[in-house]
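> So you can see what is in the structure, the chains are spelled out below.
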Amino acid sequence: MKDIYILGIESSCDETSAAIIKNGCIDIATVISSQIDVHKDYGGVVPEIASRHHVKNITFVLQECLERAKMTMDDIDGIAITYGPGLIGSLLIGLEAAKTLAYLYQKPLIPIHHIAGHIYANSLVKPLQFPLLALVVSGGHTELIEMQDHFKFRKLGGTLDDAIGECYDKVARVIGLEYPGGPKIDKLAVEGSPTYKLPVPLKDDSYNFSFSGLKSAVINLSHNETQRGNSLREADLASSFQKVAVKSIVEKTKKALQDTGIKRLIVAGGVAASQGLRNEIYKMADELQVEVSIPPLKYCTDNAAMIASAGYYAYKLGRRADFSLNSLSSDKLQ
Amino acid sequence: MKVLYIDTSSSFLYAGIVENGRLLVECQKYYAQDLSKEALPEIIKLFEISKVLPKQIDKIIVVNGPGSFTGIRIGITIVKVYAWSLNIPITTITSLEAMAISTHNHKYYVPMIDARRGYIYTAIYDDNYRPILLPQHVKLEKVLQKLEDINDYIVITNDDIMVHGSKEQYKPDIVKIVNFFKEKEAINPHFINPSYLKLTEAEESRQ
Chain F
1 MKDIYILGIE SSCDETSAAI IKNGCIDIAT VISSQIDVHK DYGGVVPEIA
51 SRHHVKNITF VLQECLERAK MTMDDIDGIA ITYGPGLIGS LLIGLEAAKT
101 LAYLYQKPLI PIHHIAGHIY ANSLVKPLQF PLLALVVSGG HTELIEMQDH
151 FKFRKLGGTL DDAIGECYDK VARVIGLEYP GGPKIDKLAV EGSPTYKLPV
201 PLKDDSYNFS FSGLKSAVIN LSHNETQRGN SLREADLASS FQKVAVKSIV
251 EKTKKALQDT GIKRLIVAGG VAASQGLRNE IYKMADELQV EVSIPPLKYC
301 TDNAAMIASA GYYAYKLGRR ADFSLNSLSS DKLQ
Chain H
335 MKVLYIDTSS SFLYAGIVEN GRLLVECQKY YAQDLSKEAL PEIIKLFEIS
385 KVLPKQIDKI IVVNGPGSFT GIRIGITIVK VYAWSLNIPI TTITSLEAMA
435 ISTHNHKYYV PMIDARRGYI YTAIYDDNYR PILLPQHVKL EKVLQKLEDI
485 NDYIVITNDD IMVHGSKEQY KPDIVKIVNF FKEKEAINPH FINPSYLKLT
535 EAEESRQ
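As they're listed, the protein sequences go chains F and H. Heads up: the first sequence begins at 1 in this note's numbering, then just goes up one per residue. Heads up: the second sequence begins at 335 in this note's numbering, then just goes up one per residue.
These are calculated hints, taken from the structure and not from any lab test. Note that the coordinates shown come from a computational prediction; the quantities given were computed from them, not determined experimentally. Be a bit skeptical, because a hint or two may be false.
[Unchecked claim] With a straight-line Cα cutoff of 25 Å, these simulated PhoX-like cross-link-like pairs (lysine-lysine) come out: (1) K107(F) <-> K385(H); (2) K532(H) <-> K480(H); (3) K56(F) <-> K518(H); (4) K385(H) <-> K480(H); (5) K389(H) <-> K107(F); (6) K532(H) <-> K107(F); (7) K197(F) <-> K184(F); (8) K371(H) <-> K56(F); (9) K332(F) <-> K371(H); (10) K379(H) <-> K107(F).
[As the list claims (entries may be wrong)] Residues of chain H placed beyond 12 Å of chain F at every Cβ, according to the derived structure: (11) E353; (12) S370; (13) E376; (14) I383; (15) R407; (16) K414; (17) K441; (18) L467; (19) L468; (20) E475; (21) L481; (22) I484; (23) M496.
[Stated by the list, open to error] Some chain H residues close to chain F (C-beta under 7 Å, calculated; not the full set): (24) Q362; (25) A366; (26) Q367; (27) K371; (28) S384; (29) L387; (30) I408; (31) V415; (32) Y416; (33) W418; (34) A449; (35) N527.
Ideal Cβ placement from N, Cα and C applies to all residues, glycine included.
In isolation and in its complexed conformation, chain F is listed as follows:
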């Protein structure tokens, strides 16, 4: 069978990325230009600044990707693009680049939902097997998704307010950690003990999450401690926060696995990099005898390899877009 090479392009937030993936699983070349240093000074991603940097970076990233792969556009079988969801101004840069290349080289244009990309990051390790449950945890998403086959998504639940990654970043700000604070909380939590009492969010029968209450509880706690003249035990706060946040995620995931009887769990998204979350997920999965797959760290955060990998399976299914494809800031996973 002929090998299929998909060029993936991703620019939904603050990473400009291009990747070439062979047969949906072999990473030929992945280039990621991150803007973390640019946005750090603002305590978070500034959409207009992100868009400006994507324009500056896009051709450099594409060129480096092709050079590393020692390939030309003629060797590519299809172009997979994140069309949404994400920051609209950022998405547009990757989208216009992908459409232009697809037109100039007469290649199929394959539209990919960003969350589908995160899920398919796992197929860079091992092909997905169905049925599976996907836990997507990132700066913009906290979702439980059931898949019976490729691109057959059924959302079981999601966050009712803040995404888990967003909550990590906000708590980090309370503690005074620099953006992006999520990974720093994860590290700091190990040094402390969960001595502060915080509420476990949304203890109900749904598969939904809610983190805004937890975020407020941390802000109030910090405020009260300051009022009382107590200094904040930062490591303990990080540990206390992470304990309840992770508990909420793991409990809902466990419930979904038990209710559906699914024996395969994949975890995806930037927060899948959290060691605290990983430990508890593995513990729970052991107990239920569920097989867990978590992609390597480099495929957890936003990258084009996962988009190209998802693009391969979408290509096989005949999914195509024409040149009027538009970016969408929000869209149902499909």
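Given the structure of chain F, go ahead and fit chain H onto it with the hints provided.
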């Protein structure tokens, strides 16, 4: 010599292909929104109607601003990827230059683009289209004061800007623009970027 001209810096898409001073095809279309959806299909139509292939273009002239941030990025991204991948010489001009050059028979040309909150993007060009006031983001009233000292000027704008004296709607003369800039030095496509003339609000509030 075939030249592709593209300007997505306003609510209009202005584009055309000019061959040796002759306009083969052009597009002047208003977009309330969804330029991102329509820009490339419209450009593809230019190639189809003129029967020119993208690789047969000898030069691309693109407007890199000032104007709508998102609009500029859409046009710039399309042409920089195009120029980079097919190795086509490319150069940029400002929307203000394009506006001035499309207008005739005055001593001074004053293109104006609304930048909101009392600000505009503007420049002043003499009758040889040389700038006597460089492109800038500036308070409208400051420019109006300056104009009091000049005779025989024309303001060119598509926006609702209150000015004294004569004012004209902008309608690009693509052939004239291309003829004026076709010899302008090409730039490495990697370095083709928008010229916003304005910092982002986040950057401004930090200063």
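> For every hint, state whether the structure bears it out.
We went through each hint and held it up to the structure:
Using a Cα cut-off of 25 Å, the hinted pair K107(F) and K385(H) holds, with the two alpha carbons roughly 20 Å apart. A distance of roughly 21 Å separates the Cα atoms of K532(H) and K480(H); the hinted pair therefore holds under the 25 Å criterion. Of the pairs offered as hints, the one joining K56(F) and K518(H) holds, with about 22 Å between alpha carbons and a cut-off of 25 Å not exceeded. Taken as a hint, the K385(H) and K480(H) pair is broken in the structure, with Cα atoms around 47 Å apart against an allowance of 25 Å.
Proximity of K389(H) to K107(F) is assessed by CA-CA distance (about 16 Å); at most 25 Å being required, the pair is judged to hold. Between K532(H) and K107(F), the direct Cα distance comes to roughly 37 Å. Violation of the 25 Å bound is thereby established for this hinted pair. At roughly 21 Å between alpha-carbon atoms, K197(F) and K184(F) fall within 25 Å of each other, so this suggested pair holds. Using a Cα cut-off of 25 Å, the hinted pair K371(H) and K56(F) holds, with the two alpha carbons roughly 21 Å apart.
Using a Cα cut-off of 25 Å, the hinted pair K332(F) and K371(H) holds, with the two alpha carbons roughly 19 Å apart. At most 25 Å may separate the alpha-carbon atoms for a hinted pair to count; K379(H) and K107(F) meet this at roughly 18 Å. For E353(H), the non-interface assignment is confirmed: its Cβ lies about 20 Å from the closest Cβ of chain F, beyond the 12 Å cut-off. Taking the minimum C-beta to C-beta distance to chain F, about 5 Å, the non-interface status of S370(H) is violated against the 12 Å cut.
In this structure E376(H) is not separated from chain F by more than 12 Å, as the shortest Cβ-Cβ distance comes to only about 10 Å. Every CB of chain F lies more than 12 Å from the CB of I383(H), the least distance being 15 Å, so the non-interface label holds. With a least beta-carbon separation of about 5 Å from chain F, R407(H) fails to lie farther than 12 Å from that chain, contradicting its non-interface assignment. At roughly 6 Å, the least C-beta separation between K414(H) and chain F is not larger than 12 Å, which violates its mark as non-interface.
With a least beta-carbon separation of about 37 Å from chain F, K441(H) lies farther than 12 Å from that chain, consistent with its non-interface assignment. The claim that L467(H) is not at the interface with chain F holds, since no C-beta of that chain comes within 12 Å of its own (minimum 25 Å). For L468(H), the condition that its CB be more than 12 Å from all CB atoms of chain F holds, with the nearest at approximately 21 Å. E475(H), annotated as away from the interface, keeps every beta carbon of chain F farther than 12 Å; the closest lies near 26 Å.
With a least beta-carbon separation of about 31 Å from chain F, L481(H) lies farther than 12 Å from that chain, consistent with its non-interface assignment. Listed as outside the interface, I484(H) is consistent with that label: its C-beta sits roughly 34 Å from the nearest C-beta of chain F, beyond the 12 Å cut-off. Look at M496(H): its CB is around 28 Å from the nearest CB on chain F, clear of 12 Å, so calling it non-interface holds up. A least Cβ separation of about 19 Å between Q362(H) and chain F goes past the 7 Å threshold, and the interface hint is therefore violated.
Proximity of A366(H) to chain F is violated relative to the hint, the smallest CB-CB distance being about 14 Å (cut-off 7 Å). Taken as an interface hint, Q367(H) does not check out: its beta carbon lies about 10 Å from the nearest beta carbon of chain F, beyond 7 Å. Taking 7 Å as the C-beta contact cut-off toward chain F, the hint placing K371(H) at the interface holds, the least distance being around 4 Å. For S384(H), the suggested interface contact is broken, since its CB lies about 15 Å from the closest CB of chain F, more than 7 Å.
Taking 7 Å as the C-beta cut-off, the interface hint given for L387(H) is violated, the closest approach to chain F being about 10 Å. Contact between I408(H) and chain F, as hinted, is supported at the beta carbon level, the nearest pair being about 6 Å apart and thus within 7 Å. Annotation: interface hint on V415(H) holds; nearest CB of chain F at approximately 5 Å, less than 7 Å. Below 7 Å, beta-carbon pairs count as interface contacts, and Y416(H) has one with chain F at about 6 Å; its hint therefore holds.
Using the Cβ-Cβ criterion of 7 Å, the hint placing W418(H) at the interface with chain F is satisfied: the shortest such distance is roughly 4 Å. A cut of 7 Å between beta carbons decides the hint on A449(H): the least distance to chain F is about 14 Å, and the hint is violated. Here the hint on N527(H) is kept, as its CB sits about 6 Å from the closest CB of chain F, short of 7 Å.
Hint violations for this structure: numbers 4, 6, 12, 13, 15, 16, 24, 25, 26, 28, 29, 34, all remaining hints satisfied.
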